[in-house]
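Here the UniProt record's numbering is used: the first residue of the sequence shown is 1, the next is one more, and so on.
Honestly, the hints are just simulated from the structure, not real lab data.
Every value quoted in this text rests on a predicted model; they were computed, and no experiment measured them.
Please note that a few of the clues may not be correct.
Label-pair distances were calculated between CB atoms; the ranges are [unchecked claim]:
{"no.": "1", "residue 1": "SER267", "residue 2": "ASN114", "range": "42 to 50 Å"}
{"no.": "2", "residue 1": "SER152", "residue 2": "LYS221", "range": "48 to 56 Å"}
{"no.": "3", "residue 1": "THR132", "residue 2": "ALA301", "range": "42 to 50 Å"}
{"no.": "4", "residue 1": "GLU303", "residue 2": "ASP334", "range": "36 to 44 Å"}
{"no.": "5", "residue 1": "SER112", "residue 2": "VAL300", "range": "48 to 56 Å"}
{"no.": "6", "residue 1": "LEU345", "residue 2": "LEU226", "range": "28 to 36 Å"}
{"no.": "7", "residue 1": "ASP198", "residue 2": "GLU177", "range": "49 to 57 Å"}
{"no.": "8", "residue 1": "ARG275", "residue 2": "PRO194", "range": "23 to 31 Å"}
{"no.": "9", "residue 1": "GLN100", "residue 2": "VAL195", "range": "36 to 44 Å"}
{"no.": "10", "residue 1": "ASN113", "residue 2": "ALA301", "range": "51 to 59 Å"}
{"no.": "11", "residue 1": "GLU142", "residue 2": "SER339", "range": "44 to 52 Å"}
With a Cα cut of at most 30 Å, we get these calculated BS3-like pairs of lysine-lysine [stated by the list, open to error]:
{"no.": "12", "residue 1": "LYS292", "residue 2": "LYS235"}
{"no.": "13", "residue 1": "LYS307", "residue 2": "LYS292"}
{"no.": "14", "residue 1": "LYS215", "residue 2": "LYS292"}
{"no.": "15", "residue 1": "LYS215", "residue 2": "LYS180"}
{"no.": "16", "residue 1": "LYS221", "residue 2": "LYS292"}
{"no.": "17", "residue 1": "LYS215", "residue 2": "LYS307"}
{"no.": "18", "residue 1": "LYS235", "residue 2": "LYS307"}
Glycine is no exception: its CB is placed at the ideal position from the N, C-alpha and C atoms.
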Amino acid sequence: MGDGTITPRLGNMKAFLGLVAGAGASYGLYKLISGESFKRNKKSAANENVSVRSSQPNEGKLQPGSLLARVSGLDVVCPRPVDGASGDVVHQSPGNLDPQHLKMLLSCLQTSNNTTDRCRILLTLGNSSAFTVNQNLIREFEGIHIIAGFLSDTAPEVRVQTLNALNNLCMNIQNQEQIKVYVPQVLELIEMSPVNSDLQLGALRLLTNLSVTDKHQHLLKGSITLLLSLLVVSKETLQLQALKVLVNLSSNPDMMDDIVQAQAPASVVLLFDARTASAVLLRLLTFAGNLKAWRPSAQVADELRRKQDCLFRVMLDESSQLHSRLVQLLSHPDVEIQSQVAHILT
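Start from the sequences and build out the full structure, keeping to the hints where you can.
Structure below.
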């Protein structure tokens, strides 16, 4: 990895992991104090930052009053008493870990044969990746490819933590150039994982961040049918995440041809209903509004009508049920939903 490999003292490793994981968990409060914020694409869904905490059993709490405990406001855990080497981390700012600590984590990740340890290392790297300085360091240490290698780990919990780490690393534009090559593997995880699973949610969060700008959206051209199918089979949390990706993609006119030609379940229009959760319905309406703003030529429209079960026929064609369902939503109790429906119909 360029610099010399650092071999950690195994006796200190687990305590070190617990401390640094706690440092990452304190990110939310650190952001409030520092006032730092990420830039967002106005048309697109907000960036998805994941901050998680360890939930391993039989762990002892860090001593009350320590720096990490005070800053995070959360219970910081470590599996054994803090010793001299790992205890030094307590006295550091949670957003300013030494490069040697990140090298140590990446080295241990490559050599660990224990599922629990791999999860804890990935958890720590993921939380540390909430900070720009660590996002850059991990990339420079070739850590993105090391982490992404665990997308194919046999343990689902390891794959989840891998997705969470990549998601935070994806907040960095330069990192996206390396992460984009794993899009096919991430899409395969969505397709092969149980519906409403943490794996699907983590994968969709990663795709949301990767699709915030137009640059890498073309990589998701073949995923439209998969995303639409998730809308009709999943629960609210996953529906919202799938819609964030669809809204991002449909905000780009260059993606529209691929979107309207994609196969779509006919039942997707049934979601335009007062019984659909308001948060889901609002994003559905945003997606529908983006589609309605697209104006195909008469020749293109005729060609799309001949495509069986394509999204154009399901949602945009004159034969679609969408128009009548939108009219019914004009009487929805939510004023914002009423306003969006009226905008689409005018």
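Which earlier hints can't be squared with this structure? Violated hints: 2, 7; rest satisfied.
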